[in-house]
Structures are given as structure tokens and as C-alpha cells.
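Visitor: Listed below, chain by chain, are the residues.
Protein chains: 2
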Amino acid sequence: MAGPEKRPIVTVDTVLFTLRDGALATLLQPRAKPPHAGRLALVGGYVRPDQDSGTLAAATRILAEKTGLTGLFLEQLMSFAGPDRDPRGWSLSVAHYALVPEAALARAAPDIAVLTVGEVPPLPFDHDAILAAALARLRGKSAWSTLPAFLLPETFTLPMLKSVYETVMGEPLNDSAFRRKINELRIIEELPDARSPATAERRRPAQLYRLSQRALVAFDRVI
Amino acid sequence: MAGPEKRPIVTVDTVLFTLRDGALATLLQPRAKPPHAGRLALVGGYVRPDQDSGTLAAATRILAEKTGLTGLFLEQLMSFAGPDRDPRGWSLSVAHYALVPEAALARAAPDIAVLTVGEVPPLPFDHDAILAAALARLRGKSAWSTLPAFLLPETFTLPMLKSVYETVMGEPLNDSAFRRKINELRIIEELPDARSPATAERRRPAQLYRLSQRALVAFDRVI
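Protein chains in written order, with this note's numbering: chain G, 1 to 223; chain Y, 1 to 223.
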């Protein structure tokens with residue numbers, strides 16, 4: 001078998017998505033140590049066989065340690081590996097992506113930068129490729145699932161739900177078709193007697209909803 | 001940084017799909033060495049940083065070495081990792097899946113077993129979970145792409161194309177809807193003057209097709 005000295009470096013990296021002023025954004029953190037110390041990058045670190053039960057556990061631990069963020073939707077994306085992606089040697093990173101509700105941002109470490117996906121500067125290592133793959137996965141899965149709803153607070157209005165799908169997919173949606181589909185799929189439920197506060201644009205308070213039990217596993221075409 | 005002695009074992013494993021008598025089947029190989037020597041398992045091995053430019057390259061090299069199979073559609077599935085999946089220690093396997101046209105089977109190593117996906121015995125390590133994930137990925141992607149066509153020979157008839165989609169997805173398809181969609185998407189092209197031999201069931205030879213250039217990248221809903 002391959003002795004330990006011949007084994008690749010194994011890390012995890014996580015692409016963090018959130019909403020910022022109605023735009024899809026990503027969370028980056030300046031690197032604390034070389035290589036690329038001080039540069040904004042994905043949040044990542046070494047897999048620790050003495051501590052981690054798997055790579056999802058490693059990503060969860062590192063996110064908590066470095067950003068303070070916990071309880072997120074977090075999923076494996078894919079692995080990136082090779083001799084040239086990290087100056088420390090042949091390395092493999094199991095990339096993940098996570099969805100951060102806007103409310104959770106307040107708990108994030110103060111050095112976290114929130115940048116809309118269109119204004120991200122060139123990133124070190126192969127983090128540009130990882131971010132691009134995560135964005136493609138998020139958009140590919142979003143049309144088919146309740147994934148974008150994990151960016152919303154626990155209770156939301158129908159316009160908020162439609163808006164988050166539009167933001168993630170990057171295109172406007174037909175209002176009545178969207179509402180009809182959401183009703184058909186029974187992925188949200190009304191909060192009885194709960195209404196959003198009236199706003200300047202909308203004098204009548206709107207019905208509040210939350211995701212139904214079914215939504216947590218729903219994988220039907222939504223949009 | 002984590003010293004080499006703390007690094008996980010890194011392997012690749014590949015789920016090989018093929019067609020056998022019109023059923024979706026998988027290729028397994030008896031393990032040459034412990035652990036689980038002699039048991040049928042997925043084809044895999046160690047990533048070798050001194051030889052491999054990445055994990056896809058490692059999977060390609062190991063498939064060629066152990067099975068003789070080359071030139072397959074081969075894609076990363078996802079990684080499986082943890083302390084308990086391999087008795088040799090904390091390990092990470094980057095799982096892949098590949099599609100083997102029936103004609104290529106003749107080139108495969110003689111100890112390869114071809115079993116329909118319904119008759120696979122319990123596999124060692126976490127190979128049952130890897131096989132299940134690969135099957136879900138294959139079916140999920142097939143409806144949206146020309147993926148099943150990579151199980152066909154280079155030239156095929158329309159009924160052969162429809163049949164391979166039905167076999168992979170495990171459900172019958174509407175004939176005229178399928179033909180209309182295939183025509184719309186322009187993913188196949190007629191081979192001028194090429195006809196399949198007449199058979200007992202079909203006296204009139206059928207038009208032969210091949211995948212068009214567009215099919216190699218097409219990712220539209222097919223079925």
C-alpha cells in the first residue's frame with residue numbers, strides 16, 4: 001500500500017452563498033497564513049483524521065472555527081486535485097457549498113467579506129474554478145428543489161420566496177405560474193394569524209409562510 | 001500543516017455501467033489483495049502523486065491497469081470518507097462512474113463479472129453506497145442529456161436509442177414524444193446510405209444514426 005509519505009494533502013473548502021441587497025453573494029475570508037496570506041479566499045482547512053468523522057464533518061468544524069457559522073445547509077460539491085493547485089504539494093480538496101441566511105451573517109467573524117458573485121476578485125489556488133462549479137451546481141439544483149428557500153428566514157412571504165428563486169437563477173419568473181407550482185407541490189404552509197409588517201410599498205400586511213415538512217426533501221421541478 | 005503521517009489514505013473507485021441483454025448492468029472484479037481478497041468489488045486503487053495529474057487521471061490509469069478498459073465516458077461522482085470504511089485507516093475515496101459500450105466488454109480482463117444492477121451481491125467497504133449513488137446520478141443525468149447514448153455502439157437505429165434510455169431510466173417511454181424530442185434537439189444525424197441488417201422481427205433494414213457534434217455537449221431535457 002502507499003505509505004503515508006506518498007499520500008496527498010487532503011483539505012476541504014466551502015463556497016458560502018448568501019443574499020445581499022437582493023443579489024446573490026459569496027462570503028470570503030482573508031487567509032491567516034501562507035501560502036497567499038492576506039488574500040481573500042474560500043474558507044477551508046486540513047481534514048483531521050483524529051477529529052473528523054468524514055469530509056462533511058471536517059467542513060462543518062472548519063466553518064465553525066474560522067467563521068463562527070453553524071447550522072447551515074451544507075453539501076459536498078466535488079473534489080479538485082492535482083500537483084499544481086497548492087504550492088505545498090500534490091493536494092486534494094473536497095469542495096462543499098453552503099447557504100447562509102441573511103440573518104446568520106450577523107454571527108459571522110468580523111473579517112468575513114461579502115461580495116456579490118459578479119464582483120469577486122481573482123482568488124488564490126483553484127478557488128475561482130471551485131466557485132464557478134458551486135454556482136453552476138446551485139443554479140442547476142435550484143430549479144428542481146427547495147434549495148433557494150434555505151437562504152430565507154424561517155418565515156417569509158410569497159413575494160420573498162419568488163424573489164429568492166429569481167435571484168439565485170438570475171432570471172425573472174412568471175408570477176402566476178410560480179404561485180400555481182408552489183401550491184401544487186405543497187412545499188410551503190401558512191402560518192396561521194401571522195402577517196408581515198406593512199411596508200411603505202405595501203400597506204396591507206402579507207401572509208407569512210414557512211417550509212412544510214415535505215419541502216425538506218422535495219425534489220420536483222419548481223420553476 | 002498536517003504532517004504526512006496524519007494524512008488520510010486516498011483512493012479512487014469507479015462504478016462501471018454497461019448493458020447486458022437489454023438490462024442495465026455493472027462490472028465488478030474480485031479483489032486481488034486483502035482486505036476482502038477474492039470478493040467482488042468496484043475497481044479502485046491508490047492515487048499516486050508521483051504518477052497522477054488528478055483523480056480522473058488516477059481512475060483512468062487504474063481502470064486500464066486492472067481491467068484493460070480505455071476510452072470510456074468517465075466522470076467524477078463524489079467522495080466517500082471516514083475512519084471506518086477501510087480497515088487500513090481513515091480513508092477517502094473519490095468515486096467515479098464510467099459507461100462501457102457492450103462492444104468494449106470483449107476487451108475487458110477475463111476476471112471481470114458483469115451483473116445486472118438488481119443482482120449485485122453485498123459489496124465490501126462502502127461500495128454498496130457508492131454503487132447506489134452512481135445509479136442515482138446516472139438516472140438523474142440521463143433524462144437531461146445524451147449520457148445513455150455512450151452505452152451504444154458508434155452507429156445505432158432510433159429504436160436502439162430509445163431502448164437504451166428506457167433501460168437506464170427503468171421505465172417505458174412514449175414513442176412519438178421521444179422521436180419528436182430527439183429530432184428537435186438535433187443530437188443525432190443520419191448516416192447516408194447506411195442501414196442496419198434486416199432481422200427476423202424486422203424485414204426492412206432501419207436507418208442508422210450517429211451522435212452529432214452537438215450531442216457531445218447537449219444538456220437539454222431529452223425524456
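By construction, these hints were calculated from the structure, which means they are not laboratory data.
In this text, all values refer to a predicted model and were calculated from it rather than measured experimentally.
Keep in mind that the hints are not guaranteed to be accurate.
Since the list gives no way to pick out one identical chain from another, each pair is judged satisfied if it fits inside one copy or across any two copies.
Straight-line alpha carbon distances no greater than 30 angstroms define the calculated DSS-like cross-link-like pairs of lysine-lysine that follow [unchecked claim]:
id	residue 1	residue 2
1	K66	K141
2	K33	K6
3	K141	K181
4	K141	K6
5	K181	K66
6	K66	K33
7	K6	K66
8	K162	K33
9	K6	K181
Visitor: The structure should be examined with respect to each hint, and the outcome stated for every one.
Guide: Hints, one by one, checked against the model:
1. Taking the shortest alpha-carbon separations for K66 and K141, only the intra-copy value of 27 angstroms comes in at or below 30 angstroms, while the best inter-copy value is 35 angstroms.
2. Within a single copy, K33 and K6 get their C-alpha atoms as close as 24 angstroms, and across copies as close as 20 angstroms, so both meet the 30 angstroms cut-off.
3. Taking CA atoms no more than 30 angstroms apart as the test, K141 paired with K181 passes in both settings, with 16 angstroms inside one copy and 23 angstroms between copies.
4. Neither within a single protomer nor between protomers do K141 and K6 lie at most 30 angstroms apart by alpha-carbon distance, with minima of 37 angstroms and 35 angstroms respectively.
5. With identical chains, the CA atoms of K181 and K66 are never at most 30 angstroms apart, being 39 angstroms at best within one copy and 49 angstroms at best between copies.
6. Taking identical chains as interchangeable, the C-alpha atoms of K66 and K33 lie at most 30 angstroms apart only when both belong to the same chain, with a minimum of 13 angstroms there against 42 angstroms between chains.
7. In this assembly of identical chains, the alpha carbons of K6 and K66 lie at most 30 angstroms apart whether taken from the same copy (29 angstroms) or from different copies (21 angstroms).
8. With identical chains, the CA atoms of K162 and K33 are never at most 30 angstroms apart, being 41 angstroms at best within one copy and 55 angstroms at best between copies.
9. In this homomeric assembly, K6 and K181 never come within 30 angstroms of each other (Cα to Cα): the closest approach is 53 angstroms inside a single copy and 50 angstroms across copies.
When the structure is compared with the earlier hints, violations turn up for hints 4, 5, 8 and 9 and for no others.
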